[in-house]
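Q: Chains as they are written, first to last, in my numbering: chain A, 121 to 272; chain B, 68 to 369.
Hints in this document: simulated from the structure, not taken from any laboratory.
Just so you know, not all the hints are guaranteed correct.
To be verified - A partial selection of chain A residues facing chain B, derived with a Cβ cut-off under 10 Å:
#, residue
1, 230
2, 238
3, 257
4, 259
5, 261
6, 263
7, 268
8, 271
The beta carbon of each residue, even a glycine, is placed where N, CA and C say it ideally should be.
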Amino acid sequence: MSDNLMRVQPIRNGTVLDHIKAGRGRKVLDALDLIDKGTTITLLMHVPSKKNSSKDVIKIEDRELSESESQKLALLSPGAHVNIIRNFVVAEKNVAELPESISNVAICSNDNCISNNERGAKTKFNIINGNPLSIQCVYCGRKIAQDNIIFI
Amino acid sequence: MKHVVSISDLSKKQILSILKRAKELVPVAKGKKKSKSLDGKILATCFFEPSTRTRLSFETAMQRLGGTCIGFADPSATSHLKGETLVDGIRMVAGYADAVLLRHPQEGSARLASENSEVPLINGGDGAGQHPTQTLLDLFTINEEMGKMEGLNVGMLGDLRYGRTVHSLSHALAKFNNKLSFISPDSLSMPSYVTDDLSCDWSSHNSIEDVLNDLDILYVTRIQKERFPDLEEYKKVASAYIIDSDLLKNAKSSMRILHPLPRVTEISTDVDDTKHAAYFRQAFNGVPVRMALLEQLIGGKK
Chain A
121 MSDNLMRVQP IRNGTVLDHI KAGRGRKVLD ALDLIDKGTT ITLLMHVPSK
171 KNSSKDVIKI EDRELSESES QKLALLSPGA HVNIIRNFVV AEKNVAELPE
221 SISNVAICSN DNCISNNERG AKTKFNIING NPLSIQCVYC GRKIAQDNII
271 FI
Chain B
68 MKHVVSISDL SKKQILSILK RAKELVPVAK GKKKSKSLDG KILATCFFEP
118 STRTRLSFET AMQRLGGTCI GFADPSATSH LKGETLVDGI RMVAGYADAV
168 LLRHPQEGSA RLASENSEVP LINGGDGAGQ HPTQTLLDLF TINEEMGKME
218 GLNVGMLGDL RYGRTVHSLS HALAKFNNKL SFISPDSLSM PSYVTDDLSC
268 DWSSHNSIED VLNDLDILYV TRIQKERFPD LEEYKKVASA YIIDSDLLKN
318 AKSSMRILHP LPRVTEISTD VDDTKHAAYF RQAFNGVPVR MALLEQLIGG
368 KK
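Same shape as in the complex, but just chain A (with noise of 0.2 Å):
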């Protein structure tokens, strides 16, 4: 485990998401739902990295990133890694790639469209950029840039 991880006292078990890209923590957090879950979690911000000149690290304990959870870090930040920490070792280390479509991680912008109106409909975007990120629903075919994007 490199320095910057020992900033703060290394986590038992978990996830450390690590080289999110600097300043996009506090996004990826909202993003993933965490606040408020009782989970304890570490975020640190423009911390100093070899790869790029900072970087964003957040550390969550007692739990592991679920699938949607991933693809959600890959969007806000691809390149992201994920390490799966068990008994304070790295156990599974995986770099979120931006996926071609997401399922069931966003919601479309267009309150007409059918992801929005029919009951037990889930929502599927495709990728069209990744940087900037843009998506379109697979439905409606409604384009949606980064900053609009909303979260399940």
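Start from chain A and add chain B according to the hints.
A: Positioned in the frame of chain A, the structure of chain B alone reads:
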């Protein structure tokens, strides 16, 4: 080709094949020749929103080919009001028919329905979204009237912002390398999400006089009153985009006017008797085009 939700679901080759077959089916559409190519086939027409031309022309198309229709023209008579979801309704109807035609007030409804339909689903208009069979009949009409549908200068006039027919048609005409001129007030101009994807030459104008004499086709759409908060503003805008026989003196004699109908005041009735008026022939063309599409989807004679 299983479902037809958007015109972009169809390749250029598929479009050309439908138009070619539609041409052969014109005598059948007019009742001059008989066909049984869809004998015993059933089309379910599900209209969650009223429609006249789309519903009637599909019913005619089906019956001219020996098939029949079931369905509803008004959701008030269905379980929809009891709270049934669209998906449940479509799964049920797909079990009763060989194809489903859907008109629904919400965008994306046809895509969602197609994911849950075992039989071909045809989008007959989803809110402000897509209406692919309208685009097919528009292309067919342009080809019939001009003898080609490439290399033309096509003007689109009126409500280009909300008009779904002009959005789909622009994409289709761009595929066939035409030049597009968009004519509208600024408040109703062609949205950038449409123009961003256009692979052809296009330009925007406020005044019809700027481009009229260069046009081969003028596609007129209705400017809807409900788009304007202020009635005075509506009247001012609408009156600036009225086509009458006087204005058409500056047009090429071969220029043809199309309109998806219904028209209100945007094309003066004195245009109806000029050589430019093609909109009633266009409305008829809905029948052979939909016949050709139905044949390809539910396996009639090829």
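Q: Are the hints correct? Go through all of them and say.
A: Hint check results:
The closest approach between the C-beta of residue 230 of chain A and any C-beta of chain B is roughly 6 Å, which is under the 10 Å cut-off, so the hint is satisfied. Annotation: interface hint on residue 238 of chain A holds; nearest CB of chain B at approximately 6 Å, less than 10 Å. Hint status for residue 257 of chain A relative to chain B: holds, with the closest Cβ pair at about 7 Å, below 10 Å. Proximity of residue 259 of chain A to chain B holds as hinted, the smallest CB-CB distance being about 3 Å (cut-off 10 Å).
Taking 10 Å as the C-beta cut-off, the interface hint given for residue 261 of chain A holds, the closest approach to chain B being about 7 Å. At its closest, the beta carbon of residue 263 of chain A sits 6 Å from a beta carbon of chain B; the interface hint therefore holds under the 10 Å criterion. Among the interface hints, the one on residue 268 of chain A is violated; its C-beta lies about 13 Å from the nearest C-beta in chain B, farther than the 10 Å criterion. Here the hint on residue 271 of chain A is broken, as its CB sits about 19 Å from the closest CB of chain B, past 10 Å.
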